Structures are given as C-alpha cells and as structure tokens.
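Each chain is listed here by its residues.
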Amino acid sequence: MSVEHLSAELSPLSVQFVDGIAEVRLCRPEQCNALNIELIQALLKCLTDLQHRQDLKAVLLRAEGTHFCSGLDVASVMQSPDSIEFLLSPMPGFPHNRVQHLALGWKALSVPVIAVMKGYVFGGGLQIALGADIRLTTPDSQWSVMEGRWGLIPDMGMTVSARGLVREDRLLQLTLSAERFNGTQAHHWGFATDVLDDPDYAAQLLLSQLAERSPEMVRAAKRLYRDSFDEVETNRLTLEEKLQRRLLGSAQQREAAMAQLERRPPQFD
Amino acid sequence: MSVEHLSAELSPLSVQFVDGIAEVRLCRPEQCNALNIELIQALLKCLTDLQHRQDLKAVLLRAEGTHFCSGLDVASVMQSPDSIEFLLSPMPGFPHNRVQHLALGWKALSVPVIAVMKGYVFGGGLQIALGADIRLTTPDSQWSVMEGRWGLIPDMGMTVSARGLVREDRLLQLTLSAERFNGTQAHHWGFATDVLDDPDYAAQLLLSQLAERSPEMVRAAKRLYRDSFDEVETNRLTLEEKLQRRLLGSAQQREAAMAQLERRPPQFD
Amino acid sequence: MSVEHLSAELSPLSVQFVDGIAEVRLCRPEQCNALNIELIQALLKCLTDLQHRQDLKAVLLRAEGTHFCSGLDVASVMQSPDSIEFLLSPMPGFPHNRVQHLALGWKALSVPVIAVMKGYVFGGGLQIALGADIRLTTPDSQWSVMEGRWGLIPDMGMTVSARGLVREDRLLQLTLSAERFNGTQAHHWGFATDVLDDPDYAAQLLLSQLAERSPEMVRAAKRLYRDSFDEVETNRLTLEEKLQRRLLGSAQQREAAMAQLERRPPQFD
Numbered sequence: 000m001s002v003e004h005l006s007a008e009l010s011p012l013s014v015q016f017v018d019g020i021a022e023v024r025l026c027r028p029e030q031c032n033a034l035n036i037e038l039i040q041a042l043l044k045c046l047t048d049l050q051h052r053q054d055l056k057a058v059l060l061r062a063e064g065t066h067f068c069s070g071l072d073v074a075s076v077m078q079s080p081d082s083i084e085f086l087l088s089p090m091p092g093f094p095h096n097r098v099q100h101l102a103l104g105w106k107a108l109s110v111p112v113i114a115v116m117k118g119y120v121f122g123g124g125l126q127i128a129l130g131a132d133i134r135l136t137t138p139d140s141q142w143s144v145m146e147g148r149w150g151l152i153p154d155m156g157m158t159v160s161a162r163g164l165v166r167e168d169r170l171l172q173l174t175l176s177a178e179r180f181n182g183t184q185a186h187h188w189g190f191a192t193d194v195l196d197d198p199d200y201a202a203q204l205l206l207s208q209l210a211e212r213s214p215e216m217v218r219a220a221k222r223l224y225r226d227s228f229d230e231v232e233t234n235r236l237t238l239e240e241k242l243q244r245r246l247l248g249s250a251q252q253r254e255a256a257m258a259q260l261e262r263r264p265p266q267f268d
Numbered sequence: 000m001s002v003e004h005l006s007a008e009l010s011p012l013s014v015q016f017v018d019g020i021a022e023v024r025l026c027r028p029e030q031c032n033a034l035n036i037e038l039i040q041a042l043l044k045c046l047t048d049l050q051h052r053q054d055l056k057a058v059l060l061r062a063e064g065t066h067f068c069s070g071l072d073v074a075s076v077m078q079s080p081d082s083i084e085f086l087l088s089p090m091p092g093f094p095h096n097r098v099q100h101l102a103l104g105w106k107a108l109s110v111p112v113i114a115v116m117k118g119y120v121f122g123g124g125l126q127i128a129l130g131a132d133i134r135l136t137t138p139d140s141q142w143s144v145m146e147g148r149w150g151l152i153p154d155m156g157m158t159v160s161a162r163g164l165v166r167e168d169r170l171l172q173l174t175l176s177a178e179r180f181n182g183t184q185a186h187h188w189g190f191a192t193d194v195l196d197d198p199d200y201a202a203q204l205l206l207s208q209l210a211e212r213s214p215e216m217v218r219a220a221k222r223l224y225r226d227s228f229d230e231v232e233t234n235r236l237t238l239e240e241k242l243q244r245r246l247l248g249s250a251q252q253r254e255a256a257m258a259q260l261e262r263r264p265p266q267f268d
Numbered sequence: 000m001s002v003e004h005l006s007a008e009l010s011p012l013s014v015q016f017v018d019g020i021a022e023v024r025l026c027r028p029e030q031c032n033a034l035n036i037e038l039i040q041a042l043l044k045c046l047t048d049l050q051h052r053q054d055l056k057a058v059l060l061r062a063e064g065t066h067f068c069s070g071l072d073v074a075s076v077m078q079s080p081d082s083i084e085f086l087l088s089p090m091p092g093f094p095h096n097r098v099q100h101l102a103l104g105w106k107a108l109s110v111p112v113i114a115v116m117k118g119y120v121f122g123g124g125l126q127i128a129l130g131a132d133i134r135l136t137t138p139d140s141q142w143s144v145m146e147g148r149w150g151l152i153p154d155m156g157m158t159v160s161a162r163g164l165v166r167e168d169r170l171l172q173l174t175l176s177a178e179r180f181n182g183t184q185a186h187h188w189g190f191a192t193d194v195l196d197d198p199d200y201a202a203q204l205l206l207s208q209l210a211e212r213s214p215e216m217v218r219a220a221k222r223l224y225r226d227s228f229d230e231v232e233t234n235r236l237t238l239e240e241k242l243q244r245r246l247l248g249s250a251q252q253r254e255a256a257m258a259q260l261e262r263r264p265p266q267f268d
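Chains as they are written, first to last, in numbering that gives the first Met the number 0: chain A, 0 to 268; chain B, 0 to 268; chain C, 0 to 268.
Honestly, the hints are just simulated from the structure, not real lab data.
These figures come from a predicted structure and were not determined experimentally.
Any copy will do: because identical chains look the same in the list, a pair fits if it lies in one copy or spans two.
The list that follows gives simulated cross-link-like pairs (lysine to aspartate or glutamate, EDC-like), each with its CA atoms no further than 20 Å apart:
1. 241 / 84
2. 241 / 81
3. 106 / 230
4. 44 / 22
Let the sequences and hints guide you as you build the complete structure.
And the structure:
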C-alpha cells in the first residue's frame, strides 16, 4: 500500500492517494465546509491535478466533520464583485465556467467519483454532490436547493448533472420552495444513488468491487454512460462498439477472463 | 389583497386573480368537467390572456366539483369534422396545434403552473394535468390514458409533457391497456409530483413559499428547467449563466439577500 | 384460434403463432438458456421473420425452464475470433451491429413486445430483456450486469434500451460492481416494468386488453413512444398529429368508437 499526502497542513482541502484511490476531503469543519474562495480555489486546483494523473482508479469525495457542505460562504464570496466575476469566468479547457466546474469537473475525470454526504448538503454543496458519479448518503442528512433564498437560481451545472436523475417538476418545486429535505427523500428523488446508515462502509465496499475490475474496463464504463448521454441513438451504439473493441483481447481483458474461468482474483499490476 | 373576476356567470371556465396568482377553474361539474368545444375555446382564450399579463407570479389550475376532468366530451366534439379540424389546426405563435396547446400552453407561460387534480383525470384531462409544472393529487383520484378505447392515441403533447416524468414502458402499457390507476400510482409513476390527502392545502403552502421569492427569480427558475430540457449540455450551461447574470445585483436580488441576512421577510413591491 | 409452429424439434428457439400473437421461447433450459452461437443465429433469424409479418399484434418473449437467460455462453462464443467478428458486424438494414440487434431488434418490430423474466437474467440476457417494450418479472428473479467480470462493458445496446428507464448512476454502479440484484430491485430501478408473483398471468391479461384495441392503434402507440424518443420537441408533436390523423375516421377507429358507445366488444376482423 502506498500512501501519498498532497495537502498542506492548513489547506481547506485534503487530498490523499492510497492504492490508486484519491480521497478528497473538504476541510473546513468549523464552518460546515462552506465554500469560501480559498476552498473553491483548492477544489479547482485539485480537479486539474486529478485530471492529469494516469494512475487513478477512482476518487472518493467526502468531508471532515458533521456536514458535507453548507453551500457558498456568502459573506466571503458575494460581497466581492471580483470573486463573482472569477467564478463566472470560463474554465480553461472546458465548455463551462469555473463555478460550474466545481460540480462538472468530477464528471470530466476519466475515473468514477464516489461521494459520501452527511449532515448539511446545501446549495453549492448539493450541486457539487450531484457532480459525483455515485452518491451515498445517510437517512438524516439535510439537503436544500437554497439559491432562491438569495434571489438566485442554482447555476453550478445542475441542469446537466441532475438530468436523468431528478425529475424536472421536483427540481422546480425544490428550487422555488428552497425547503429542506432529508437523505431518504434525496434518495427517493434521485439526488442520492443510495441511502444507508453507513455510507462510508458502502463506499469502501464499492471500491473493493472496483479493485476486481480491470483499470481499463473501469474507465470505459465511466465513458460509456457519460459520453453517450447527450448523443443520439446511432452515436451511442457506435460508442459502445468502439469502447468494447478496445477492451476485447487486451492483456487486461484476457487476465480478467482467465481469472474468472480459474475462479481466482485477477492481477492487473 | 386585490381580487379580479374575469369570467362571465355561465362560462365553463372561471379565472380569478388574487395577489398575482391566477386561479383557473374548470366549471362544468355536472359533466365531470368534460372538454366540450366551449370549454376548449375558453381554455385557449384564457391561456392567451395569461400569456400577456406581466403581473403574474403563478397560476393555480383546478376544477369545480368532484372530478378534475373526464376527458374529451366525445359526443360533442368527435361528431363534428369541423371541431376536429379546428383542434388539429396550428395554434398561432406556437409550434404545435390547438389541442396540443391545451396542455403545452401551461408550460409556455412564463410563471409556474400548479395543478390540483381530484376524482377523474381521464384522457384529455390527464394530458392537461401533465402540462402543469407541479401536479398535486389525492390518493383516490382516478387516472386513465383513455384514448385507445376510441381507437386513438393520446395526441395532446404527451410525448413532450411526460418526457422525463413517466417512463416510456409505463406510458405504452397504460396507452395500450387504457386501464384506470389511482393517485398513489399516478404519483409513483410520475404523473403527479406529490400525492396528498389535502392537495389544496399543499398548493397554498407552495404559493406562500413562492411569495418569499423574488418575482424575477421565480420566472428564471421556470425558464431554467423548461428551456434547458431540449438542449445539449453546452446550451444548458450557457443558459444557466445567462439567467443568473441577469439576477445578480438586481434590485430584487439585493432585497432578497438583505432580507436573508437580516432574517426578515423580503419586500418586492 | 389458429396455431402455427415454425420451429424445428431441436432448435434452441421456439416460435409459435396464436391469434396474431407470436410467442418466442428461448429453449436451452439445461444450459440456463445461455446464448451460444446457434441460439444467437436463431434469434436473429426470428427477428427478421417477425419484421416481415403483417398479421402480428404483439410478441410474447419468454424462456423454457427455470432461468430466462444466463448471458453469453462464454466458452462457446469468446474462444472464436470469428464469432466475435460476426457479432460485431453490421446488421443489414439497421444502424447497429448484430449483437446489438439481439436486444434492439425487439424495439424495431412494429408491434409491442412483452417479455417475462424469471430466474437468471444475466449479462446478455438482461440486455435482451431491456429490448422488450414491457418487461414483467418475479420478485426472486436474479439480475446482473455481468460483463465487467470478463473485463468487458455491456455492448448490446443498453445505452439506448435503458435510457429513460434506469438512471445513469445506477447503471454505472451495477456495471462496476457486477453484483446480483433481485426482481424487486430490478423493478424499482427500472429494468422491469412490473414485478409480480405471476408475470405469465399479467402478460396474458395485457394481451387480452390488447385484443380490445384496434390493430392500427396498437402499432401507432408503439411508434409514438419509440420514434419520438430521440426527437426534439417539434418533431415529437408533429409525429403525434401525423399518427393521429391516420387513425381518425378509419374503419378500425370508427368500429372502436361505435363499440365504445354501444358498450360492446369491438370487431376488427
């Protein structure tokens, strides 16, 4: 097992690499992990770093303390016109702006992102959560599409990240009411993939299942669903075949098949 | 509070304005609010009137009597080739015909439409209900995609209004069987946003939540989800930013934020 | 009642026609109906035959024995490069390859396909099931997106067939974990339309409801939802009107309406 710490002692974000898994933790627990400009900058830098790592198999996104994220630190961000212009400026290399990248950047990674949400999952925190591929939460977590209270709409990519997950009528109702809902409802409505008493354990279980898959199959699976989403039928089917042809007969695919036939764990290293 | 009555005594439709809310009531209770040509004409005129009002914040759509709407008044409409040609003729200013406008006209309004459905929600009545943005019903309401009994398919825009709400396999099964299902099932399958013993109370609660939102944010929220629906990812994200930039720093947005910080109700008038 | 048997004694597939219903049965019960090259060839031929029958009203797809289908017969198929090239070669007349046609071929038929799944519904079997328009299963059936165990991704059209049925986060989680889930979960997540103790009875009930619909309405209903799926709003609405105009006033539509008004069963023969 190789452990690598990349974050400074006082950073609002902790990033740790263990056996190909990047564990990213929001680290402002005293402020309910509210998004101030330092945490936002750290998240954007982290996403850029992860984008360039070839040795990743998955990302685990979670938070220090009781709450996942209480949303934008309004006092810190909204007062400064410069901060707002920075957030709405284009994210280099992506067809969206920086505040949207805080959520959609996780989807853009080539490996699956699993997020664990407890406590408050409010506003920008909810939208970051929606950027993760698989979202695990507790029954008593508290969620809110909170932007309406500030006279604003959610603008961190939710029209993309929630598509196919949460129905439009529910999104509109929650956006207009800005009311809180718990983790059980969040799961029922599609914000969370699963609701569990111990989502950390469930995340570890999924990571252990991932360890039995070939790294190239894991990346192909993420691409398959993400890149087909916006495509018409013919392009979806072409993508399926293209990705499969790359896997078929590769060293990793043959090892996976041999291990399966011999009823032993595969060895991909 | 300002109340304004726009409907004549014997009209099959009642429209009433109270504090920026238009309450629209189907008024043929003795005929289960079946859609005869007079009610259809009144609905089309009402939708055109509402389209041009600048002072609206929301629409509440409901029905007099026990039943929301038992569908097309077949004896009245189907016998006349003229009526059918009228219904299938283009709705001026819209990319759909008049019978489709009976449902999609609600989506085309710039403010949220909340509908309350009780009793029968059959055929054309079900399709009108699906045109509302947020749909509240009782557990014992009765629904049916009824057109198949007449050798017809549903053609009031359901392929648009039900998209993302009701799964295609369920739509096909209900279209082929033409069977009845209750409000609990309607909610489970996505026809209704919520199922409640007292949907009128729930509608009033949502309207009271809306009263705390700025009028421009309410319209932006409706546009956000409606106009992004048919768009590819890049256009969705551009729309998010465009709508948000219009809100940011406006008088209404600043009042919403100040009220939030000062923990008082906002004043938008 | 007219019965017609088209399958040879030892064929891995049985096809039987009764009163306009084609009943297709996978017939390798001793091998859990695993897809070997003979069964695949028989399915492709069957789909081509059904495509050309004008007298069909519906298709019922099921399996002999305890299990619907345990997926690809890997020993038989994966060992031969020729088999793999055959499966990935274009299906004549369709914008997809042969292995995709095993699932999407059912959608391409002009009549509804109802499938009954019990026991194992694994890998390719799961993907064939998803090609059916209406999918009925038992609570204790066992499902798995199994391809990852072999270092592969699902490539039988699931990005098309599961769209709008199963959420992308669930598809990714099941693809990565390759874990088993039961019929109740399959229904909850959208793989199955309904979960019932006796799905065969439910299939017969739906077929008896279909018998009361006009043949042309049944085909129009299938087309309505299938052909609008990939289309933008305007095209969906145009299709609705086009299909309805063909039905309106036809002999079958008038008979359906007369039977409805006279409260008698319609006669379409």
